[in-house]
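J.: Sequence lines, in order, name chains W and E. Under this note's numbering, the first residue of the first sequence is numbered 1, with each subsequent residue one higher. Under this note's numbering, the first residue of the second sequence is numbered 1, with each subsequent residue one higher.
By construction, these hints were calculated from the structure, which means they are not laboratory data. Remember, it's a predicted structure, so these values are computed and weren't measured experimentally. Watch out, some of these pointers could steer you wrong.
[To be verified] Just a few of them, taken from the derived set where beta-carbon distance is under 7 Å, the chain E residues facing chain W:
1) Lys4
2) Phe22
3) Ser39
4) Lys42
5) Leu152
6) Asn171
Positions of the beta carbon are idealized from the N, C-alpha and C atoms, including for glycine.
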Amino acid sequence: MININLLPPELKYQRIVAKRNASLMTVCIVIIFIAIIIGVISKSLQSTVETYLSSTKNNIQKNSESLDRYQDLQNLAVFINDRWQTTQGIEKKHVYWSQVLQELSNSAPSDVQFESLVATTEKTPNFVLQGNTTTEREIIKFKEKLEATSFFKNVSFKSSSLSPDETTPDTKVNKLKFTLEFDLEQNKAEGSVSGIKNNQKKSQ
Amino acid sequence: MKNKPLGILIFTFIVVIAIGIFVIKPVVSSILTSWKDYSQAKTNLELIEEKKQVFETLKNNQDNITKVAEIAKQYIPENQDSGQLIIELSATAQANKLIVEQTSIDKTKEETKAAETTPTPKASSTPAETQLKTVDFTMKLSGSFQNFMNFLKSIETSSRLIVINDISMQNKIESDQASTFGVELSGSAYYKDKTNTEPNLENIKLSDDTLNKFLNLKTYGQPIDLPGESGFGRTNPFENY
Numbered sequence: 001m002i003n004i005n006l007l008p009p010e011l012k013y014q015r016i017v018a019k020r021n022a023s024l025m026t027v028c029i030v031i032i033f034i035a036i037i038i039g040v041i042s043k044s045l046q047s048t049v050e051t052y053l054s055s056t057k058n059n060i061q062k063n064s065e066s067l068d069r070y071q072d073l074q075n076l077a078v079f080i081n082d083r084w085q086t087t088q089g090i091e092k093k094h095v096y097w098s099q100v101l102q103e104l105s106n107s108a109p110s111d112v113q114f115e116s117l118v119a120t121t122e123k124t125p126n127f128v129l130q131g132n133t134t135t136e137r138e139i140i141k142f143k144e145k146l147e148a149t150s151f152f153k154n155v156s157f158k159s160s161s162l163s164p165d166e167t168t169p170d171t172k173v174n175k176l177k178f179t180l181e182f183d184l185e186q187n188k189a190e191g192s193v194s195g196i197k198n199n200q201k202k203s204q
Numbered sequence: 001m002k003n004k005p006l007g008i009l010i011f012t013f014i015v016v017i018a019i020g021i022f023v024i025k026p027v028v029s030s031i032l033t034s035w036k037d038y039s040q041a042k043t044n045l046e047l048i049e050e051k052k053q054v055f056e057t058l059k060n061n062q063d064n065i066t067k068v069a070e071i072a073k074q075y076i077p078e079n080q081d082s083g084q085l086i087i088e089l090s091a092t093a094q095a096n097k098l099i100v101e102q103t104s105i106d107k108t109k110e111e112t113k114a115a116e117t118t119p120t121p122k123a124s125s126t127p128a129e130t131q132l133k134t135v136d137f138t139m140k141l142s143g144s145f146q147n148f149m150n151f152l153k154s155i156e157t158s159s160r161l162i163v164i165n166d167i168s169m170q171n172k173i174e175s176d177q178a179s180t181f182g183v184e185l186s187g188s189a190y191y192k193d194k195t196n197t198e199p200n201l202e203n204i205k206l207s208d209d210t211l212n213k214f215l216n217l218k219t220y221g222q223p224i225d226l227p228g229e230s231g232f233g234r235t236n237p238f239e240n241y
């Protein structure tokens, strides 16, 4: 079947334009409607977020008030942590001299006697040791032993001189006076500060 | 007739723009602000709740914490307490059978080096050590090497933080061949008048390690047995061989 539009061309054109305008109008109404919907949804979302915000703020207010009664406890905790942090800083340079001197005594050969020892953390060499011994071999043994320990470094032999031993009545007996200089490498025995850990291990 | 579609489009455009500008934009902007505030408030609430939990834990351990705070206050006091320091040093020396020939307090100074060496101050704007001050002292002692070693051990485990900086030991031979052991030492004790640690969540948490450090002060720096070797090692290296 063949449809033949017998309308005059102007009328035909008018109808096409009217249809097109109607479609355009529909599309525009839909767009405006969508814009209105978005606006309504936004308003609703705004109200929801504001409700949440208000509720959270109320909770903060309530909890903050309840925290006030812990003020003393907070001061104590902050004080302890402050002292702990301070102690940690000091511990880095704290020399445990009892351990250092014990290591020094342990490193001394049996034929070595200390006469004087100057130890300082302020300047190098950290140690100036003057002592007496029987032979130069003992000094070298002592020097090598000090170098081998983890506590001391840069051990240097400064001088030695032979002099009569005044501690014995025999005037023929001589002693070798010597001076050694060295630096501190380690300010405490490894693991010594964790005395706590050692105790915990023991208790386990 | 030809201008009608254009009119529709312009009208729609104006209406949409008007809705956008006068309704959607302020609302969206308000939502964004409220959302940011809400997120911030939520974080704050979480922090407060966590803080509350921490406080509850601390409250259960309150006796211990009070005790630790007292120990910490003695370890690094708020005042220089130099008189007390002298008494403590002299008493420790005498308890270890040393003769105190001289004791003096040198000066008080602010400690700045410790601040530089601090690893990570917990979220504090100024390092905790900036208020740290030292009381410097010198002592002249005589006795025996072994007693001096015991004195050092006592100082290292004392209830107040005392650091020895310089030691000068000498074995003096007297005219009658008897020798006396003499020591001059200088050191520092610390004090801090202000606590400038911020009371944030990190700084109110107390770890067991922190509490144990103060509770076990006597074990801190506990001397350990360093192994000897045959041919080496002297109990008193200042004694004649």
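J.: Work down the list of hints and note, for each, if the structure agrees.
T.: Structure-based check of each hint:
Restraint check, E:Lys4 versus chain W: the minimum CB separation of about 5 Å is within 7 Å; hint holds. Hint on E:Phe22 is violated. Least Cβ distance to chain W is approximately 9 Å, over the 7 Å limit. With a least beta-carbon distance of about 10 Å to chain W, the hint placing E:Ser39 at the interface is violated under the 7 Å criterion. For the restraint placing E:Lys42 at the interface with chain W, the shortest Cβ-Cβ distance is roughly 6 Å, inside the 7 Å limit, so the hint holds.
With 7 Å as the threshold, the beta carbon of E:Leu152 comes within range of chain W, its nearest partner Cβ sitting at about 4 Å, so the hint holds. Checking E:Asn171 against chain W: minimum C-beta separation of about 6 Å stays under 7 Å; hint holds.
Violated hints, listed in ascending order, are 2, 3; each of the other numbered hints is respected by the structure.
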